[in-house]
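Taken in sequence, the protein lines are chains A and B.
By the numbering used here, the letter at position 96 of the first sequence is numbered 96, and the numbering carries on one by one without gaps.
By the numbering used here, the letter at position 368 of the second sequence is numbered 368, and the numbering carries on one by one without gaps.
Hints listed in this document are in silico derivations from the structure and should not be mistaken for laboratory results.
It is possible that part of the hints are untrue.
[Stated by the list, open to error] Residues on chain B that point at chain A, a partial pick, calculated with CB under 8 Å:
| id | residue |
| --- | --- |
| 1 | G175 |
| 2 | E179 |
| 3 | D219 |
Backbone N, C-alpha and C fix where the C-beta goes; we use that ideal spot for every residue, glycine too.
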Amino acid sequence: MKKHTFLLLVLAVVFGLTACQPKEKTSLVIFAAGSLIQPFTELEQAFEQKYPEIDIQAEYHGSIQVIRHVTELHEAIDLVATADQALMPMLMYEVNVPGTNQAYAQWHINMATNALAIAYHDNSKYADELTEDNWWEILSRPDVKVGLSDPRFDAVGYRQLMSFSLAQSVYKNPDIFYDFLEDQFTYPIRLVDMGDMQIIRIPEILETTKSSHIMMRGSSVALISLLEAGEVDYAFEYESVIQQHGFRLLKLPNSLNLGDPSLEEDYGKVTVRMDFQRFATVDPIFKGERITYGLTIPSNAPHMVEALQFIRFLYSPEGQAIMQQNYHPLLIPVVVNGVENVPDELQSLLDLP
Amino acid sequence: MENPSYHLFEGVAGNSSASHFGKEKEVKHVFKSFFFVLLLGVMISLTGCATPIVEAPPETVVDVPAEQPSESEAEPEIPVTVLELVKDGESVFFTMDQLKALPSAEGLAGIMSSTGKITAPAIYKGVPVSALLEEVGGMTDEHSVEIIAEDGYSITYSPSQIRDGEYITYDVSSGDEMEKIGELQTIIAYEREGEALDQNMDGQLRLVMVGESPLQVVDGHWSIKYVNKVVLKEAIEDWVVDFIGAIDEPMDRATFESGAADDCHKRTWVDEDGQEWEGIPLYYLIGRVDDEVKHGDDAYRDDLAKAGYTIDLVSADGYTVTLDSYTVMRDDDIIVAYLVDGEPLSGEDFPLRLVGPELSKKQMVGGIVKVQINFEPVAEATEEVIPEATSEPVAGETPAVVGPDDASVLIKGLVDAEKTLTMQDLLGMAVLNLNVTHPKGDQIDVTGILMKDILAQVSIPAEATTLVLTASDGYTSEVSLADVLACETCLLGWDEEMLRTYMPGFESSSWVKDLAEIEVK
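Using the sequences and the hints, build the whole thing.
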């Protein structure tokens, strides 16, 4: 019996000491669009300072990739933020968490908007000539280096092509699209005139020709360093990103920048269609529409409480200020899709003035 | 030898049974002691440190086979394939051992994510994709390679990427672009740092670009995890076919494929050999060029087809098949095909072939390079086109409204003699009161004279193609003469204030107010 007691005492001490290890922080895993890196990094710092028991682990990808990590790779993710809210109903509402009858999401917040613009610098060729009315002509000049993000991988990539297509009707010039893109790729990007609809067709192999004045990169973020190094004269970026990096910015007309909600119908007259299937669950068709960021918590998020806490922080005066300072203000009042499914903890956001 | 834990467990389990094994007292004592020290441990932990966040351990379910077969009963192990290689619809499957038996390459591979996160190079080993493709005859410039992951994610690679390792490289420390150091090889890796890949992180196979330098990385989107399929396919071959009618349209592959999408005009036909041909009914394609309206419900002009024309389909060697518009009109079974059994046409059929159950083999012309509409009534005209008036003698309806007395319109240009029609002249012609649809969708009541009756007042030569409608303020709008002549509801009309044109089926820009002149060009 003494043996038993001694053994159990040892066990008790070991148990007690083990429990005295430094407390582990709760990891809050956030996957977000690349254009949110800067504001979300600041949010992370401020949030962790306020809630030291929580450690945010953020990853940034293209918006489609963000959702793919949830719905196709089945990773444990607590919060997702994409640069295209339409991907959420398309991909998360329609797909159930394996082994359940529960969709990956049934609500999301239309978090913020943005607008396409042209980034350039003081040494960009013809910078002093550039205006809202001639940008497409300057960008088409063979001695001008233009950075494009790859439309196969990046939302800015297909949105910039939409702007070129829309420009043809805005400037009443049917040659704008091909003046810029013709002979720039080994397999051409095509603009198909369907009368009331323009369809941009992206080939599955997209390589610039040796003589091309376009430098294409996998993402718009990768163009930042090319701009900084003066390797390219101009690049399409989101306005918020251009301002965050201090580049010169040429605003595009609202009819081209995909940022004006009143022009949604006009934006919808152009569609980008990939000539291939890249994701099993993603129909490779992107319709022109106003840029709207989406935010939601996957229904299988391991840390739902902390994710809700983060969203409440985002919409707090401090969170709003961080977004504002990064030229990426939140959409207030809050617009929610699937309002009946929004967690009770977030109902107060709906009353924000 | 007894197992103490077994005893303890059995004692607890048997607690309700008063005399189980006759050791009830001892068990109870041990049990009490255990709970005491357990409580002590919990108290130590609670008092000795801050409130812990205790997460429940994940539940683990272990499937235990009910019965293990003996060695002699065990089925012979079936090799598990890890990769499928596809060419021309035929698949070759590889086990891991078979892959490892192929030529291998080893080197450093690292990636930079689309947002700049860098994963430093590690040593990967695997089979070069180009060596793998040798198993099905190798890769040429006319091929591309699609790499597919288990979840269906796929990316297509060019010959220059697979054979020459043409990738943009980045500095591993700064993420800035840099000149490529040495050569890169695209391999399907099965080992990382001498170990099999982590199945949770990479899957059994991962596509990576290996090189000799630890200082460079490539874009992460090229490095596909969980690879399980490689497809060698023909690179996309672009083409353009000329469609010529009232307007000319060089139609390229992308345009054709857009029209042939599932949600558009796709049509299929299975021939007597069981081959499935896929394409677009010819009349849809004719609808793109029979007038200015390329797409939509009004694109195909039944009235023109009824009036009669012929269609030439010309192959690359000049062979021509001619069909008449009555045969083709609204016929879904006369198809211009671009796929057979899901593959692009090849050889003499490339890029398009006319097919369908109603056609003879001679009519099924392949290698189409040109499709031309011959509007015979126009083509056969000798000197001049004299539009016929709709009614003779003049006996119109009573006008619902009468225009200003001083209104008039001048017809000029390519006409035998300029002619001015006054309001009185117009009222003496075949007046119609119609209800027509404005391009914006409004239904409106209008009064006027058919445009073709107006044009019948002058002689127009065959080369004339266009009407220029000019308003009194100088506004002009151009329309196709052929379309106006074919239009059964287009009016030169009026309201109480002015002359104007009512042009159903035309763009609103041709609905000209205060019309002053019609110029024939």
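Practice problem: With a cut-off of 8 Å on the beta carbons, see whether G175/B makes it to chain A. | Solution: Constraint on G175/B satisfied, holds at 7 Å.
Self-check item: Hint check: 8 Å Cβ-Cβ cutoff, E179/B to chain A
Solution: 13 Å, violated
Practice problem: Would you settle whether the hint for D219/B is holds or violated, based on the nearest Cβ-Cβ distance to chain A being less than 8 Å? | Solution: 4 Å, holds
Of the numbered hints listed earlier, the single one contradicted by the structure is hint 2.
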